[in-house]
Amino acid sequence: MQTTRRILIAAILAILAVVLTPLAAFAEDESIKGRLEKIDGEEREPVGGVTITVELDGEEIGTAESNDNGEWEIPVPGAGTYLVRLEVDTLPDGVALTDPEKFELPDVSVRNNQNKTTRFNLGPGLTSGVSTYERVGSLFVIGLKFGAIIALSSIGLSLIFGVTGLVNFAHGDLVTLGAVIAFWFNAAGGGPRWHILLAAVPAVLLVAGFGGLQERNLWRPLRNRGTGLVAMIVVSIGLSFVIRYAILVVFSGLPRPFRDYAIQDDIQILGITTVPKNLAIIGFTAVVLALIGLFLTRTKLGTAMRAVADNSDLAESSGIDVQRVILVTWIVGAGLAGLGGVMFGISEQVQWDMGFKLLLLIFSAVILGGLGTAYGAMLGGFIVGVAVELSTLVIPVEFKTAVALAILIAMLLVRPQGLLGVRERIG
Amino acid sequence: MDLVKILIDAGRTAVGVPAAAYALSSIGLNLQFGYTGLLNFGHVASMLVGAYGMAITVDSGGPLWLGVIVGIVAALILGLILGVPTLRLRADYLAIVTIAAGEILRLTVRSSWAAPLTKGIFGIQQFADPFFDVNPIPVGLYGIGRFRFDERTMWVLLLGWGLVALATLFMWKLTRSPWGRAIRAIRDDEDAALSLGKNVFGYKLQSLMVGGAIGALAGMFLAIDQQNVNPDAYIPLLTFYAFTIVILGGPGTLFGPIIGSIIFWFLFEFLDGFMTAAVLEGWFGDVLDSTDIGPIRFALFGIGLMWLMIYRPQGLFGRREEMLIGEQ
Chain D
1 MQTTRRILIA AILAILAVVL TPLAAFAEDE SIKGRLEKID GEEREPVGGV TITVELDGEE
61 IGTAESNDNG EWEIPVPGAG TYLVRLEVDT LPDGVALTDP EKFELPDVSV RNNQNKTTRF
121 NLGPGLTSGV STYERVGSLF VIGLKFGAII ALSSIGLSLI FGVTGLVNFA HGDLVTLGAV
181 IAFWFNAAGG GPRWHILLAA VPAVLLVAGF GGLQERNLWR PLRNRGTGLV AMIVVSIGLS
241 FVIRYAILVV FSGLPRPFRD YAIQDDIQIL GITTVPKNLA IIGFTAVVLA LIGLFLTRTK
301 LGTAMRAVAD NSDLAESSGI DVQRVILVTW IVGAGLAGLG GVMFGISEQV QWDMGFKLLL
361 LIFSAVILGG LGTAYGAMLG GFIVGVAVEL STLVIPVEFK TAVALAILIA MLLVRPQGLL
421 GVRERIG
Chain C
428 MDLVKILIDA GRTAVGVPAA AYALSSIGLN LQFGYTGLLN FGHVASMLVG AYGMAITVDS
488 GGPLWLGVIV GIVAALILGL ILGVPTLRLR ADYLAIVTIA AGEILRLTVR SSWAAPLTKG
548 IFGIQQFADP FFDVNPIPVG LYGIGRFRFD ERTMWVLLLG WGLVALATLF MWKLTRSPWG
608 RAIRAIRDDE DAALSLGKNV FGYKLQSLMV GGAIGALAGM FLAIDQQNVN PDAYIPLLTF
668 YAFTIVILGG PGTLFGPIIG SIIFWFLFEF LDGFMTAAVL EGWFGDVLDS TDIGPIRFAL
728 FGIGLMWLMI YRPQGLFGRR EEMLIGEQ
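Protein sequence lines correspond, in order, to chains D and C.
Using our numbering, read the first sequence as starting at 1 and increasing by one per residue.
Using our numbering, read the second sequence as starting at 428 and increasing by one per residue.
Isolated chain D, as found in the complex (with noise of 0.2 Å):
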């Protein structure tokens, strides 16, 4: 009787069991989620944008980003062992693990059906629960970092500007393109697998040809056959369409870092705690400035630059290659958004759109420093860099791009020829 019964219910079992896997399966039924939150004492905070990885034997499974409460969920195939990973660089500032070995999970098992529930422990990072000076001063450092990028990138947008009177709305899709060239020499599956600072000589000139190539064949032509400023910056925003969605379609949606400095031990100078990659960047970022400004002032073809972007009638009439001044803009423009690119690249991870998001902080360093002048920019980057960076003390982190649009619209109504720039360009 006994037996009867078990073997009974243990066939309902098999047959539910048979009948219920396909729906299953279909459903995605298992999964792993969790929420990140920082615990600080008494409060309790989610913590958003942390890319979580799922992997199972070495292969990657899924991966998800917190949302703004701080939830994730990453579907699995089915029951089984999986490994999770908190990926550390996407934390934000002032979050960090409370044991910083535990950012995988090797063992985490999941049953049929189950959503797993998973834990990582956040608490605050070395720049919170510190003193002000400490917070500000590693802020700062993040900003200057930060704006070392924007200054970089901002350049070109200004000088072509300053040449030919366009706004290019594709500048930040150069951006992206450096990087993504410079991701594929260092890290891509087929490429060479070169250091970075290697890669990154490839990425720049790449990005500085296709400037000039988009010169010669596109704008160039359009300017000769009258085409007015506003058709011309339709055009950009077309471009910069195919641009940014061709890359999406070669590098992926999946934001990647490079194979060096992607994870660094933090330092400490001057009692600021900082990683070493943000000094050198803007160290090094310093030394390129420095080169354009020498460019711009010492050398016959900088001169020129600066006088056609003063008036380019003008500068004809004294003998000026006009054209020629122009393409070489346009190459030195798009090679330093390119070198900006992999700056980005190294500080933060290779995104297929990173150059478009970046673009409203470009104009609003550009507008900053005043329209059509190289110095202007890189002031303005600076500037815009370290603003955003510091409004974190006061308000939410994700209105760090508002208060660059703020700054815009609060110069444009002040003083819209800005900081360096001439008033006559703007009516």
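The hints are simulated quantities; they were obtained by calculation from the structure and are not laboratory data.
Predicted model, so just to flag it, every value in this text is computed and none were measured.
Every residue, glycine too, gets a C-beta built ideally from N, C-alpha and C.
One thing to keep in mind: the hints can contain errors.
To be verified - Derived lysine-lysine pairs resembling BS3-like cross-links, with alpha carbons at most 25 Å apart: (1) K277(D) - K102(D); (2) K546(C) - K33(D); (3) K400(D) - K546(C); (4) K400(D) - K357(D); (5) K357(D) - K546(C).
What the hints assert, rightly or not - To spell it out: a stretch of chain C is covered by chain D in this simulated footprint if at least three of its residues, at any positions, have a beta carbon under 8 Å from a beta carbon of chain D; those stretches are: (6) 464–474; (7) 520–527; (8) 715–725.
Based on the hints, put chain C in the right spot on chain D.
Just chain C now, with coordinates in the frame of chain D:
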């Protein structure tokens, strides 16, 4: 590959909800860009404030009609805020500020800070029930063969194309008024209009605000159809759908946005159906898979926008001498 099926599906979209919504949205942009020459790169922002204005009002317990009014007022205020600092300056400043404002607005409604009102990344749903409750169309399918709509879609379409017709009538009256002549004069020669004593800044601001209100109506219409507002729907791309439609149909023409929208959605859906079928049949081998179709379609869209602006800035059927936006 079933070409007939793809063509019919494309045709259905070309008279369906997207075409009606973007015809309406483009009528607003046409007033700004086609008639006044304003480079508003943040048209999506007015669609967003319209949709969210309505959804939040209903979600907090207000009636739908009040939501519609809130949406329109919100769009008018948005136009005012964006116009005042930029409209005295060159065209590109407006473009920069509006494209930035559109993204900032999207990030704002998406943020956890605004989530008590906007429900953050989850968005607001089921706010248009009163509209569907009064659907007078009997249950059933209307049309021939695959080219069919159910009673719900018919009711939505009636609203959509009805709004398009009303907006077109409004534009017909508006552009033939002295006000309409003034904004066209500003587009063609701002200095001349200024020297005749016209308040150029005021006209531009009014055009930006009214166009934004029409855009807000389009945003609300789309939201009503989907019974859903979600921040990630309002990406900058939507603005440039409207730009392409306006240029396709002919900027500064009365029926341009309607014709442009129908052609645009037909081509867009056809391309999508064609490429999906081609990928399924293995035309591209391993080079492309089905997830690449979306991005490729957007890249082709970018090429289309560039081509139109360079070669046919007056629209597919327009006469060049009437169209001055492409000229210096």
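Now the hints, each set against the structure:
As the CA atoms of K277(D) and K102(D) are separated by approximately 24 Å, the hinted pair is consistent with the 25 Å bound. Under the criterion of a C-alpha separation no larger than 25 Å, the hint pairing K546(C) with K33(D) is consistent with the structure, at around 21 Å. The straight-line distance between the Cα atoms of K400(D) and K546(C) is roughly 20 Å, inside the 25 Å bound, and the hint therefore holds. A C-alpha spacing of about 12 Å is found between K400(D) and K357(D), which places the hinted pair at or below 25 Å, so the restraint holds.
Between K357(D) and K546(C), the direct Cα distance comes to roughly 23 Å. Compliance with the 25 Å bound is thereby established for this hinted pair. Counting residues of the stretch 464–474 of chain C whose beta carbon lies closer than 8 Å to any beta carbon of chain D gives 3, which meets the minimum of three for the stated coverage. For the stretch 520–527 of chain C, the proposed coverage by chain D is satisfied: 6 residues have a C-beta within less than 8 Å of a C-beta in that chain, meeting the threshold of three. A count of 5 residues in the stretch 715–725 of chain C with a Cβ less than 8 Å from any Cβ of chain D is obtained; the coverage claim is therefore met, three being the minimum.
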